[in-house]
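Starting from the structure of chain D, add chain S where the hints point.
Residue numbers (the working numbering), protein chains in the order written: chain D, 1 to 286; chain S, 1 to 288.
Residues from chain S that keep clear of chain D, each with C-beta distances beyond 12 angstroms, as calculated:
{"hint": "1", "residue": "Ala90"}
{"hint": "2", "residue": "Ala91"}
{"hint": "3", "residue": "Phe122"}
{"hint": "4", "residue": "Thr127"}
{"hint": "5", "residue": "Asp129"}
{"hint": "6", "residue": "Leu178"}
{"hint": "7", "residue": "Glu182"}
{"hint": "8", "residue": "Ala191"}
{"hint": "9", "residue": "Trp208"}
{"hint": "10", "residue": "Arg221"}
Pairs of lysine-lysine residues, derived as BS3-like cross-links and limited to a Cα-Cα distance of at most 30 angstroms, are as follows:
{"hint": "11", "chain 1": "D", "residue 1": "Lys53", "chain 2": "D", "residue 2": "Lys85"}
{"hint": "12", "chain 1": "D", "residue 1": "Lys254", "chain 2": "D", "residue 2": "Lys186"}
{"hint": "13", "chain 1": "D", "residue 1": "Lys132", "chain 2": "D", "residue 2": "Lys85"}
{"hint": "14", "chain 1": "D", "residue 1": "Lys53", "chain 2": "S", "residue 2": "Lys269"}
{"hint": "15", "chain 1": "S", "residue 1": "Lys190", "chain 2": "D", "residue 2": "Lys254"}
{"hint": "16", "chain 1": "D", "residue 1": "Lys186", "chain 2": "D", "residue 2": "Lys198"}
{"hint": "17", "chain 1": "D", "residue 1": "Lys132", "chain 2": "D", "residue 2": "Lys198"}
{"hint": "18", "chain 1": "S", "residue 1": "Lys269", "chain 2": "S", "residue 2": "Lys190"}
{"hint": "19", "chain 1": "S", "residue 1": "Lys6", "chain 2": "D", "residue 2": "Lys132"}
{"hint": "20", "chain 1": "S", "residue 1": "Lys94", "chain 2": "D", "residue 2": "Lys254"}
{"hint": "21", "chain 1": "D", "residue 1": "Lys53", "chain 2": "D", "residue 2": "Lys132"}
{"hint": "22", "chain 1": "S", "residue 1": "Lys190", "chain 2": "S", "residue 2": "Lys94"}
{"hint": "23", "chain 1": "S", "residue 1": "Lys6", "chain 2": "D", "residue 2": "Lys186"}
{"hint": "24", "chain 1": "S", "residue 1": "Lys190", "chain 2": "D", "residue 2": "Lys53"}
{"hint": "25", "chain 1": "D", "residue 1": "Lys254", "chain 2": "D", "residue 2": "Lys53"}
Since the hints were made in silico from the structure, they are not lab data.
Even for Gly, the Cβ is constructed at its ideal location relative to N, Cα and C.
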Amino acid sequence: MATRAEGVGIGLRPRHYHEVLTQRPGVSWFEVISENFMGRRAAPGGRPLEILKQVREHYPVVLHGVSLNIGSTDPLRLDYLTRLKWLIEQVQPAWVSDHLCWTGVDGENLHDLLPLPFTELAARHVAERVAKVQDVLGRRILLENVSSYIAFEHSDMTEWEFLGQVAQRADCGILLDVNNIYVSAKNHHFDPREYLDKIPSRRVGQIHLAGHDGGSSLLIDTHDRPVAPPVWELYRYAIERLGPVPTLIEWDDKLPPLSELLEEAQRARLIQEQVVSDGGQRAIAG
Amino acid sequence: MPSLGKLQRWLRWIITDPRGVNGALSDERFELGTGRPDPEPLPRQLATVTSTGSASAAERLSVYASGYFWRLFEALASDFPAAHHALGPAAFQKFVAEYLVQHPSESPNLADLGGTVPSFSFGCAATQDFPFLPDLTLLEWNVHLSLLSPREPYAPPASMPESDWSSLRVRFDPTVRLVITEWSVAGFWKAVRANRPPATPPRRRRQWLVVHRDDVWVRVRAVDRAQWCALLRLQQGCPLGWVCERLADELPQQAGPSIVDQWFGAWVKRGLVSRIETSASLMTNATL
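Chain D extracted, bound-state conformation (with noise of 0.2 angstroms):
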């Protein structure tokens, strides 16, 4: 049973479990909603986790989460820690992640992606928080940039520094987005490429590609179409910069067939390859 996970993966949702089992198909490796696995409170498991444990057998499986709730000022939930500890055993997943937002206060869960002010106090609380979770879990996490919508008057730094900031603190691994850095770049008007120069490189441990929706005043990060073609350059510019980063395919809305999901996971190995190819890091040797 393979645990290490390179190259590009995908994610594993329903509509393709069938597919998956019978066929086989060659991607390199899936990535999963932890949450979708865990079960609930009082009967752990499942046949959704029946199923997980079929397709792992097969393949490396990467945990990915959305309910740490790491920025949030509520207490961290010492059952979901224990829960997400018990399906990393059960799975032995490549890495776990989640994500760097709030998803709740005053134990409500809004399960949504909230951004947090960019601030120093806020920074040291996200990373105390991190700290802890790795701890919890015996294992170093990663955590990744969102796609937001607003921001704050009262941001003393950039999203980048930020995001750097807690990663060094609480010596935690980057799940970089590259459809969050396009839309929030459009968003909130700043150089996408210079949040990829700026980012503490080594600490990347995964890329994620998803579709977005530009059709109104904001970009929406929806998931539910083909990575847009900006999204395409950014990402050639990001693996140029931090060489051929594990990178997931991510579409969670409007599901294609499985094969369009490849065709989309052959063409960021293309990418890969032809950076490599090309002499691979160039913004780092530049």
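Chain S alone, transformed into the frame defined by chain D:
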């Protein structure tokens, strides 16, 4: 500069307000999340959100407010597809909006969101037009729980002294759930699941239902009252001998022992029974 906690409470309030962002922002009666009269007008809080370029702060906040409702709507529509079908999109949307006000999510897992939908359905406005709604949501929630429950591995058969028979206790698979409804919702649910839109709504007719999961998916079967009661008593830990005695009292004399054999065979075949417990050991049902 608001504290992080205060900022998060304010955003939570704005995002979850069923009137939408503009409705929430125009309401100055409440302080952030406390429900007390507001000594600090909300527009001052709004100044913490940057309004630049092509979108105002309210437009930006609306992305989160809209995302909040539709994400939770889709989760409930996915867990209660037959109720969604029965009510139709508009009425189900109203049902969800009312539900979320009274039962906001408190779990990290969206799979827990619908846990109080059946009890909420009893008193909600939609039940006046759809009186079968509490029963339908009760069935759908039990289907959901069965799907998310682990199945117990099937233990191989072992021998058992005949003298232990009356003291046997049956352990059912954790996916088995027993549901009783006043409306005939099982057929309606099955038709929706099979993508065959039901022509008529459920009728008022009591049903004794057994929900369980096999290797493929969740099954719902209607059984007669006697069988359902026997299952319930066994599930509650009553000894098999005692359950059979009760059945002998309740069923016509000629039906007694043979019908228990038939039922038991069917339960085993369908994977409802996980193991048989005696005072000495655990054994599989196959030895019976």
